[in-house]
Every structure is written in structure tokens, then in C-alpha cells.
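Input sequences plus hints: build the corresponding full structure.
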Amino acid sequence: MDTPSDHDEPGPGREHPGDDDPPVTGRTRLSRRWFLAATGTAATVTLVPGCRTRESGAPTERPAEGRGTGGAIPPDGTQVPQARPAAGFLNPEQVGLVAAIAARLIPGDEEEPGALEAGVVGYIDRLLSTHPGYPERTYTRGPFAEGYDPDEEEPEPEEGVIWVEEEELPRYGWQSGFPPRELYRMGLARLDELAQQRHGSPFVDLAEHEQDGLIEAIEDDEDDDVAEIFEPIGANVFFQLVHQHTLEGFLADPMYGGNRQLVGWRAVGWPGAQRAYSPQEMLQPDFHREPQALGDLHPLNPGHRHDEHDALGSVRRRHPAGPID
Amino acid sequence: MAVEHPEVDVVTVGAGWTAAIAAHQLTAEGLEVVSLEKGRAQWTWPDFAHNHDELRFSTRGELLHALEQETWTWRPNRGAPSLPMRQYGAFHPGENLGGAGVHWSAVTWRFLPSDFDYVTHHVERYGPGIFPDGHSNQDWPLTYDELEPYFTQFEQETGMSGRTGNLAGEIIEGGNPFEGPRSKPYPLPPLASTRAGLRFAEAAETLGYHPFVQPSSILSEGFTDISGAPRSGCEYCGFCTRFGCHVDAKTSPLTAHIPLALDSGRYEIRTRCYVTGIEVDNTGQATGLSYVGPDGREHFQPAGTVLLCGYTLTNVRLLLLSTSRAHPDGVGNDRGQVGRNCTYQIWQNPVTGLFEGERFNTFMGNTSTSHAIYDFAGDVFDHTGLGFVGGGQIFADAGERMPIGTVADIPAAEGDPTNAEDEPRAWGQAFKDRLQHWDSYIPLMIQAESPAYEMNRFDLDPNYTDGLGRPLLRMTFDWTDNERRMYAFLAERANQIMSVMGPDRRSEQLELEDYNIADYQSTHNQGGAIMGTSPDNSVTNRYGQVWDTPNVFVMGAALFPQNPGANPTVTVNALAYHALAAMKQQYLRSPGELMS
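Quick note, the sequences are listed as chains A and B, same order.
Okay, so the first sequence: first residue is 1 according to this note's numbering, each after it adds one.
Okay, so the second sequence: first residue is 326 according to this note's numbering, each after it adds one.
Don't read these hints as lab results, they were simulated from the structure.
From the three backbone atoms N, C-alpha and C, an ideal C-beta is built for every residue, glycine too.
One or more hints might be untrue.
What the hints assert, rightly or not - Estimated spans, in silico, between C-beta atoms of each pair:
#1 A/GLU165 <-> B/GLN834: 16 to 26 Å
#2 B/PRO555 <-> A/PRO302: 41 to 51 Å
#3 B/THR531 <-> A/GLU222: 38 to 48 Å
#4 B/GLY609 <-> A/PRO302: 39 to 49 Å
#5 B/GLU471 <-> A/GLY147: 49 to 59 Å
#6 B/THR531 <-> A/VAL204: 29 to 39 Å
#7 A/VAL204 <-> B/TYR845: 34 to 44 Å
#8 B/GLY794 <-> A/GLU167: 24 to 34 Å
#9 B/GLY740 <-> A/GLN261: 38 to 48 Å
#10 B/LEU835 <-> A/GLY147: 23 to 33 Å
#11 B/GLY609 <-> A/SER278: 50 to 60 Å
#12 B/ASP844 <-> A/GLU210: 24 to 34 Å
#13 A/GLY147 <-> B/GLU833: 45 to 55 Å
As the list claims (entries may be wrong) - Covered stretches of chain A, going by a simulated chain B footprint (3 or more residues, C-beta under 8 Å):
#14 117–125
#15 166–172
#16 214–222
#17 262–271
#18 292–303
This is the structure we're talking about:
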């Protein structure tokens, strides 16, 4: 049996594994500073306030190869230094492009923070550097589906391809054969190509309404030039991926790198990780509680080690060797 | 060479609800039981103590079956190609100790009496013309009355919250007046009410309907279950479906049955064991289960009796994969019955209302903390002249809202940009402006029947395989005009309720869209190894005992001849209790013989 999910190519060998074949140019130094500003990453170990020891079951993104916190879990309640990678998956140009897209998906400013202010770009870069494949459970075996126009004849059978009427494809859900890293590499380059073709400039240099027009075009995926340029990944597939990751970066727990200062949860009015609400609170029309990250959720059964008691009290004590692994 | 283990009395596929119940009862009879669980061990403490994380558990499906190894393919009809569910969509089978019984929503309906004698009841009331062409519905081989003691047993043993509506024929105000008669009231009062649920209930009552808080296996108060351990009442934290409960308020196989079975000393659970087939001897009787162990090697667990306690899709696939000289088309399939009557569940959102400036605290509570009406469920209303068979419940989706999965659902304002699918674009300034309304909308939901048809069935996929190279299960399924009419009828009534609720704006979906596997609907796959009265109309008898291989029992919703409009788990468990009672009375005296 394979290991789950992360299924594709081995880890990064270059500084920015998101690089397509052309090497990073001489702009690296300048862009690098830009990159740090845009992603909020820093090449240091930072002490994250309020981030306490995780209990078992609390999540961590798997660290990128060769990095990470590793080692023993310190005593309960202490603050732990979190190592953050100096550089992630995306190269500076890609960071700029992702930032420009995210800024249009959830616009914002200091008053009303959007995707950029929430750190969505850092979230995406960290996701891509952490997971060689999909972060969510994904079946990646072929053959893969290709759409065809039902007004025309069904294409000849082809090894590794299942032909499906175009209109029917959305009923089957996600069917892409490309893992996220590939989709970002190829999709970002193609978006810039579309920008060049339609407006004569890179995406990041376009006016907001022009950027919006291009994002609409890739969401809808109805124009011939879009379809042609986004061959073979599909414009809407790329849109869906970046859109989903942007929502995640805005609204997921901040330990994943986005939702800084819980701005996403404040925008929707969600208190986040909470242990309890009372039946009375459920009925309050003006209920408000400050949002809280998982790292600030108080421990259950503080002082108890995991192997002492489970909530049922008995199973592990009565079965020290354990009938269960 | 497979690693061969010492023979035991009973081996189960999986360690979820029905395996836990069986292990508890059979070890009490002195039998040795082994469960083979594909996932890992997990316990309320410490594993669920700190799991309040939407991204990990809900978006990425931490507790769900590893579909990266084994998924399911689907096609709408025989003429269309089948493709795999590559990422989680329509349904969410579970993994790990306790199975989907850990991450379930714990909404716990008993089916209606007329759901059991389904065909007889409808033909008597309306004549045979009520059923559409090509349907393959059939009566269950047992009645509500026969199952009633086992519904009650499960409710009393584990604790259940709800308002009794029918106590031994007496209708009690405030409960579901349409439920079948129950011999005992719910052990606990219903869960707390929500603002959205009460808004819905008020409107429904205005229209003359009978709203009530949904019944639930989430404890509304502290309760001591059969394990003897006191358990906490619900904390309404809002992390429920797709999560394990941090205080054990949500009943699961981990809360009582598995610990009790382990305490017997006669129960062993082997985790990270992926069952690959039912082995049979030359006479066609089962000899045990083959599996791949955590060491990556093939193992064989011999057993006198085999219980298929996996999810519907797992059980059906194992029957089909277990081919032999004695059963060339798979266990239970000597007469081509395996795969028939694949049904699902209509679970849709016909209308959502936005109430500007109001906050409903929809992030608190859970799926059960909302009111429902049963006035249009099953056959509790007159179907004469309506042109369809079946019905469903209407309820307000009032709890455990989390943002990543729902922000795209906030009803748009008029003039907000729409995409090529004519849906509001879930990005841009208009979308950002909508976020302030995230707790101000109430979706009304329909959960309705999925009748059985000849065209809807399971078989093995010709193109796609699991991580071991064995065929995936293929589901051929779509809605028909009968369901489209049923849905339209229910959606119209939901929309009328919404009108009384008086939203500032609403989004509507008043016609049933074609079935798809992209959107989560419900983990209510049913049929494929149905129970019946003879080997010519079913895979098993009324006890789930396989006609052609009587020392194999199917547990779970694969047994349902068709799908009633309600969550299936309590009926799954009641069927297990029913089967186990018969096994203790008859089967164990002469294992391997068909029970009468």
C-alpha cells in the first residue's frame, strides 16, 4: 500500500522548487525582500505568543523536508519556538502573482483586512512546501477524464483517457491529474500569458478591473483563448484550487500560516475553537465572544499524561499490554 | 505465504457500530471475537480533546476513510463512463476505531412503520400504480413492531435525547406525532434549541405543521450508559459532524460497546488491517477473512462465522471480490442479487433565507439542535394524485456552522456578479461584503427518500483499482422523475415556511438537480446486499444471514431494500441487535445453518 495523499515527486532541490525550468533571475535579491513582506515568513525562529504545547491530536502541518520542530513535546503549557521555513515553494515572481490574485479574491485594507492582510500567500506557500501532493485525501490513479463536445463525435479511445461529455464533467467532482504544485507552476505561468495576450502586461501590473476580468475568465473558462492557453490543466481547475486555498488561508486556524490576528474569523463573526456554549447563549440575539485559535483552547484534563486515563477510565489500565495496538 | 492466525469463533470486518455491538454481545456469550480495522486506534481521551480544527477534520477529512487508497466510482447510467470520487464529495465513510460512528452527526430517527411494509402498504392504500416503471422496491422482511424492542434497547443502553411523540399509541404534544409507537420514552429530554430552529418552528406552526427538536444520540444531560461510566451532556461547542466528541456526549462505539467487549478478555481488535476477501471452502462455507496487516504482509484469520460490519460500500465490494469455485460471482451472489437496489438519500437545500442584521449563533450546537417537521415524511400525508411515491422531512440547518465550508453559501444580493453557472461569484468585493452576513442566514433542508430502481446498482469497476490493484466498487445511480416530483413538492412547502419566516432575501433551488458526487449530501449509501424473504429477491434473510453462505452475516445499511427519508444509523443498530438476538437463540446452537 502506498502512503496516503502526498504522492508525487520528491522534495525540493532548488531554493524555490516552484521554479519552472527557467532559473531565477538577477532580481532575486530585491524580490526576496518583497517575498518576505508578502508572505510574512522570516528566516528566524520566532516565539509565537499564546501557542502552547500541543496535546495529542492537535495538528501540525508536517514540516518541509529537513526542517521542522521534531523532537520531544515539552511540558504542558510552555511556549514553544516554531521554526518557520526561510523560503517555501514559490519563487518571488510566483509569490507576487499569487498575492495579486488573492488580493482580488478577498480584497481588503488595514481597516477591513482581506486575503493579503490575513497572510493567505504565506498559507499557500507553506501548504505547497509542506505537501508534495494534495493536502486533502485524493485518489490519484489513472485513467483521467477528458471532456468532449457531445455535438461532435466521441473521440477515438485513447490509452489512459476516459472521454466524458463536457457538460457532464462537473457532476463527477475534482478529476484533475495534476497535483497542486504542478497546477500552481503551470497555472500561474498561464495566467501571465493570458494577461500578456489580452493586455500586453504581466498580471501584477494590470489595473484591478483588468485583473478581475481575467479571474472571471478563468473561473468561467468559456473563451477559446483561455482554453487554449490553459491546456492541459484547465483554467477552471486552476481557479478552483487557488480559490479554495485562498478561503482556507483566510479562514483556517492561524497555525497553518494564514488568518493572522484571526482577521478571517472576525470578518465572519466566528469565535473559532471553543470548548462550550451554554443553552442560554445559544438563544442570545447579541451573543459575542472574542475568537480563539486552537492553540489557545485550554487543555482538557490538565496535568494528566495521555497514557494515564482515557475518558472512560478503564480500558488502558485493565489492558496494560493492550488488545489494541 | 499468508500469516495464519489461530481460529476464533467470529471475525468482523471493521470495528465500527455493528462490530462493537456484536463483539459486546457475543463475547458475553463466551465467544472469541476478532475485529479487523483498516484504520488506527483512537479514544475520546486524548485523541478528541483538542480537535477543534475545521481545516484538518472537515475540509481535509482527517477521520474519513482513506480514499487515496480505495475510492468508489460513479456513473449516472449504464451508457455513461464511470469516474472515481477523487476527493471527498457526496458521502463520508469513516476510518479508525469506531468507524463513521465517531464522526457521525448522531441524528437518530426510527424509520416509520410504513417504511417497512413499504410495497404492501402503498399498494393497499393507492393501488400498484403508485410505483413508477422500473422500480424495484420491496417490503422489508420484518416489521416495525418486530424491530421496536431493539430500537428501544439501543436507545436505553446508550442514552438518547428527544421528545417522545407516540408512547404506545398515545400522541404526546411537542414530539413527532407521526413516529411509530414506542414502548418507552426517550431516556433524555431533547437537546437545546437554537434561534434559527425556533424561527423555523414558529413559522411551521403558523402553517399548521408539527415542529419538534430532532432526536439525537448526543446526550442532552449527564447519563450513565451500559458501560457504567457517567458521560457528560453536550457542550454545544459546534465541532461535531466529522469530529470526535471531546467530552463523549456524542454516543459512539467507543463510548460503551468496545470497552465492554474488551473487558470480557475475549475480544481483540487489530488495527491497520485491510480486509481483502472472504475465504470459502469447497462446500461454499466461509472459513475466515484475508487481510493485509500493518506489516504489509498477507494474513488469514480463520473463523467459524464472518460478520461484514464495514460501511455499505465496503460490504458490497467484499462480497463481489470474494470469488471462488463455490461462488464464482462472489459470496452471496449465486443468484445475481449482490449490487441490486443501490439507493441513496435526497439531502438538499431548497431555500436559504438571509435576515440582515440578525445573528443566529449557527456556529454553536450541532445538526441535531434544530427543529424539523415530519408532516411530509414517508406516507404520513395523502399521496393521491401527487404523482410520486415517497416523502421527507424539512428542517432548519441551525448548528455547527464553520466558515471555510460555508462562506460560499451566503445568499447574494441582487446585482452581485454571477459566474458561468449562474451562481454568485464567491470572490471579489461583493463576496467580501457578504461575509458580514455569515451568521445571518438560515438554510432549510430536505431529507427525503430514495426509492429503488432496476437501473441503480453496484458492481465492480472495469478501469479503476485500489492500492492493491483490485477493482473499485462502481455505483450506477441517478434520480428519476418520481424523486424530482417529490422534491418539488417538498421544496415548495419549505419555501412557504421560509416566506412566513420573512427573510430579507433568499436563494432558491426548487427543482432537484441531477445527482452528482461532487457535493456532500449524506453518508447514507444503502442497499446492494439487501435482506428479503427468499434467495430470489435478496442476498440475505431477515437476520442479514447470507442465503448461499450462511456463516456470513451482512450488517448495516447494505441490507435496506430501499431508503426511507431519515438518517439510517439507529435502524442499522436495531437490525444488529435483532440479528444477534436470533443468533443467540438459534444460530449458536448449530453455527452455519440458515435460521428460520
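Structure-based check of each hint:
Checked against the hint of 16 to 26 Å, the pair A/GLU165 and B/GLN834 passes, with Cβ atoms roughly 23 Å apart. Between B/PRO555 and A/PRO302 the CB atoms are about 20 Å apart, so this pair departs from the stated range of 41 to 51 Å. In this structure the hint that B/THR531 and A/GLU222 lie 38 to 48 Å apart at CB holds, the actual value being about 45 Å. At roughly 57 Å, the beta carbons of B/GLY609 and A/PRO302 sit outside the given window of 39 to 49 Å.
Range check, B/GLU471 to A/GLY147: Cβ separation about 51 Å, and the 49 to 59 Å hint holds. Look at B/THR531 against A/VAL204: about 55 Å separates their beta carbons, and that is not inside 29 to 39 Å. Between A/VAL204 and B/TYR845 the CB atoms are about 36 Å apart, so this pair conforms to the stated range of 34 to 44 Å. Checked against the hint of 24 to 34 Å, the C-beta distance between B/GLY794 and A/GLU167 comes to roughly 33 Å, which is consistent with it.
The beta-carbon spacing between B/GLY740 and A/GLN261, approximately 32 Å, falls outside the hinted interval of 38 to 48 Å. The hinted range of 23 to 33 Å is satisfied by B/LEU835 and A/GLY147, whose Cβ atoms lie roughly 29 Å apart. Our hint of 50 to 60 Å for B/GLY609 and A/SER278 holds, since their Cβ atoms are close to 59 Å apart. B/ASP844 and A/GLU210 have their C-beta atoms about 33 Å apart, which keeps the hinted 24 to 34 Å range intact.
Hint check: A/GLY147 to B/GLU833, Cβ distance near 29 Å, so the stated range 45 to 55 Å is violated. Coverage of the segment 117–125 of chain A by chain B is violated in this model, with 0 residues showing a Cβ closer than 8 Å to a Cβ of that chain against a need of three. Check on the segment 166–172 of chain A: 4 of its residues sit with their Cβ under 8 Å from a Cβ of chain B, so the three-residue criterion for coverage holds. Proximity of the segment 214–222 of chain A to chain B, defined as three or more residues with a beta carbon under 8 Å from a beta carbon of that chain, is established by the 6 residues found.
Look at the segment 262–271 of chain A against chain B: 7 of its residues bring a Cβ nearer than 8 Å to a Cβ of that chain, three or more, so the hint holds. Counting residues of the segment 292–303 of chain A whose beta carbon lies closer than 8 Å to any beta carbon of chain B gives 5, which reaches the threshold of three, so the coverage claim holds.
Checked against the numbered hints above, the structure violates hints 2, 4, 6, 9, 13, 14; every other hint is satisfied.
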